[in-house]
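Residue numbers (our numbering), protein chains in the order written: chain A, 163 to 314; chain B, 3 to 184.
Everything labelled a hint here was simulated from the structure, so no lab data went into it. Note that the coordinates shown come from a computational prediction; the quantities given were computed from them, not determined experimentally. A hint or two may mislead.
[Unchecked claim] Per the computed footprint, the stretches of chain B lying under chain A, defined by three or more beta-carbons under 8 Å from a beta-carbon of chain A, are:
| no. | segment |
| --- | --- |
| 1 | 99 to 112 |
| 2 | 151 to 160 |
[To be verified] Here are the in silico distance ranges between beta carbons for each label pair:
| no. | chain 1 | residue 1 | chain 2 | residue 2 | range |
| --- | --- | --- | --- | --- | --- |
| 3 | A | Ile213 | B | Arg127 | 27 to 35 Å |
| 4 | B | Arg127 | A | Trp285 | 24 to 32 Å |
| 5 | A | Lys299 | B | Arg83 | 39 to 47 Å |
[Said to hold, decoys possible] Computed far set for chain B versus chain A, every beta-carbon distance over 12 Å:
| no. | residue |
| --- | --- |
| 6 | Asn7 |
| 7 | Ser40 |
| 8 | Asp43 |
| 9 | Val69 |
| 10 | Lys70 |
| 11 | Lys73 |
| 12 | Ile115 |
| 13 | Asp133 |
| 14 | Ser134 |
| 15 | Asn163 |
| 16 | Gln164 |
| 17 | Met166 |
| 18 | Ala167 |
Where is the CB? At the ideal position from N, CA and C, for every residue including glycine.
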Amino acid sequence: MMAKELFPEAQEIRKGRIRIETQKDKVGEIIKKLKDNSYEHFVMLSCVDWIKEGKFELVYQMWSYQYKEHVMISIKINRDGESMLSMRHLFPQIETYEREIHEMFGVNFIGNPNLKEFILEGWPHMPPMRKDFDTEKFVKDFYYKIPEVKEE
Amino acid sequence: MNHENWSKLARIMSKRSLWMIHFCTGCGAMEMPPVMTSRYDMERFGMHAMATPRQADVFLVTGYLAVKTLKRVVQVYEQMRDPKYVIGFGSCTINGGMYWDSYNTIKDLSKYIPVDVYIAGCMPRPEAIMDSFLKLFDMIDKGEAIGWQKYHKYYDQYKRNQRMAFSYRLDEVKDIKEDDKE
Numbered sequence: 163m164m165a166k167e168l169f170p171e172a173q174e175i176r177k178g179r180i181r182i183e184t185q186k187d188k189v190g191e192i193i194k195k196l197k198d199n200s201y202e203h204f205v206m207l208s209c210v211d212w213i214k215e216g217k218f219e220l221v222y223q224m225w226s227y228q229y230k231e232h233v234m235i236s237i238k239i240n241r242d243g244e245s246m247l248s249m250r251h252l253f254p255q256i257e258t259y260e261r262e263i264h265e266m267f268g269v270n271f272i273g274n275p276n277l278k279e280f281i282l283e284g285w286p287h288m289p290p291m292r293k294d295f296d297t298e299k300f301v302k303d304f305y306y307k308i309p310e311v312k313e314e
Numbered sequence: 003m004n005h006e007n008w009s010k011l012a013r014i015m016s017k018r019s020l021w022m023i024h025f026c027t028g029c030g031a032m033e034m035p036p037v038m039t040s041r042y043d044m045e046r047f048g049m050h051a052m053a054t055p056r057q058a059d060v061f062l063v064t065g066y067l068a069v070k071t072l073k074r075v076v077q078v079y080e081q082m083r084d085p086k087y088v089i090g091f092g093s094c095t096i097n098g099g100m101y102w103d104s105y106n107t108i109k110d111l112s113k114y115i116p117v118d119v120y121i122a123g124c125m126p127r128p129e130a131i132m133d134s135f136l137k138l139f140d141m142i143d144k145g146e147a148i149g150w151q152k153y154h155k156y157y158d159q160y161k162r163n164q165r166m167a168f169s170y171r172l173d174e175v176k177d178i179k180e181d182d183k184e
């Protein structure tokens with residue numbers, strides 16, 4: 163069955179591109195239902211920072227080889243420390259995406275045992291992909307403050 | 003023959019058999035294949051790529067460096083044997099280039115390891131790279147390429163800067179500064 167038949171509330175953005183907006187406790191069953199209905203490719207998990215609303219948007223993207231259709235499952239969680247359940251029991255590759263989002267946005271995923279540092283090494287500051295991280299100020303305070311080597 | 007003449011002779015002999023460590027970062031890695039292969043053919047200068055740092059004389063830092071890469075660059079540079087020469091490649095090594103406001107790339111390579119020759123441009127053409135090799139030969143001939151001596155002489159300052167970039171822990175950096183004062 164195609165995603166539009168499975169979930170009547172889904173919007174069709176254009177042909178072959180479906181978007182489902184839902185709550186965070188329903189994500190697991192939606193992914194499982196799609197997986198059982200030929201949407202067997204988990205493309206990626208991405209995160210968007212909507213700073214004015216105070217929300218993080220998590221987008222789970224799936225693809226069906228049979229219908230050539232792309233489904234995006236979107237949820238919103240609060241920016242200030244709300245955590246999300248890990249979906250790694252459904253697709254093992256989600257573990258790495260969650261690890262990256264944990265590092266770059268600071269979202270906590272309950273049930274993921276592997277949320278250690280990924281790309282950044284020893285980073286004590288705010289996660290750098292959040293919108294309230296001021297990159298230019300950070301660079302001026304950090305890299306430009308390192309003194310030049312003085313030759314006598 | 004006295005010591006000065008010997009070192010002059012050694013410089014003349016060594017400048018035409020420089021081996022380059024094959025360590026590519028950033029976009030400069032794309033400009034190296036035409037330089038190394040038959041189109042521009044850097045082997046006619048006696049240079050070729052070498053896989054191990056201990057057998058190499060020249061280090062081309064080809065482009066931007068993330069802090070994580072800088073750790074590896076410093077490790078490779080310290081493994082190379084003296085005399086060793088560094089060529090900073092493209093505007094990213096001079097002042098950060100288009101990554102001037104990136105949170106994770108260093109801005110000025112000469113704060114962390116001594117650089118003998120810089121090539122400007124984003125990216126420099128192979129002609130510019132060949133020109134920098136000739137410039138480096140000229141500097142070696144005149145005894146001006148003394149970056150490796152500077153690294154010994156100002157080792158504490160280079161190490162302090164490297165630790166400031168690596169550790170991210172400002173309390174630790176403060177301790178190092180106090181050590182320097184003593």
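Structure-based check of each hint:
1. For a cut-off of 8 Å, the count of residues in the segment 99 to 112 of chain B with a CB near a CB of chain A stands at 9, and the three-residue condition holds.
2. Interface restraint, the segment 151 to 160 of chain B with chain A: holds (4 residues with C-beta to C-beta distance below 8 Å; minimum three).
3. Roughly 43 Å separates the CB atoms of Ile213 (chain A) and Arg127 (chain B), a value that falls outside the hinted 27 to 35 Å.
4. The beta-carbon spacing between Arg127 (chain B) and Trp285 (chain A), approximately 36 Å, falls outside the hinted interval of 24 to 32 Å.
5. Separated by about 42 Å at the C-beta atoms, Lys299 (chain A) and Arg83 (chain B) satisfy the suggested range of 39 to 47 Å.
6. Asn7 (chain B), annotated as away from the interface, keeps every beta carbon of chain A farther than 12 Å; the closest lies near 27 Å.
7. Non-interface call for Ser40 (chain B) relative to chain A: holds, since the shortest CB-CB distance, roughly 38 Å, exceeds 12 Å.
8. Once the 12 Å rule is applied to beta carbons, Asp43 (chain B) is consistent with being away from chain A; the minimum gap is 36 Å.
9. With a least beta-carbon separation of about 7 Å from chain A, Val69 (chain B) fails to lie farther than 12 Å from that chain, contradicting its non-interface assignment.
10. Non-interface call for Lys70 (chain B) relative to chain A: violated, since the shortest CB-CB distance, roughly 5 Å, does not exceed 12 Å.
11. With a closest Cβ-Cβ approach of about 8 Å to chain A, Lys73 (chain B) is found to fall inside the 12 Å limit, against its non-interface label.
12. Distance check for Ile115 (chain B) against chain A: the nearest CB is about 10 Å away, which does not clear 12 Å, and the non-interface claim fails.
13. The Cβ of Asp133 (chain B) sits about 26 Å from the closest Cβ of chain A, beyond the 12 Å cut-off, so the non-interface label holds.
14. The beta carbon of Ser134 (chain B) is kept farther than 12 Å from every beta carbon of chain A, the shortest such distance being approximately 22 Å.
15. At roughly 5 Å, the least C-beta separation between Asn163 (chain B) and chain A is not larger than 12 Å, which violates its mark as non-interface.
16. Once the 12 Å rule is applied to beta carbons, Gln164 (chain B) is inconsistent with being away from chain A; the minimum gap is 9 Å.
17. Against chain A, the non-interface label of Met166 (chain B) is violated: not every CB pair exceeds 12 Å, the least being about 5 Å.
18. Not every beta carbon of chain A lies more than 12 Å from that of Ala167 (chain B), the smallest distance being close to 6 Å; the non-interface claim is violated.
Checked against the numbered hints given earlier, this structure breaks hints 3, 4, 9, 10, 11, 12, 15, 16, 17, 18; the rest are met.
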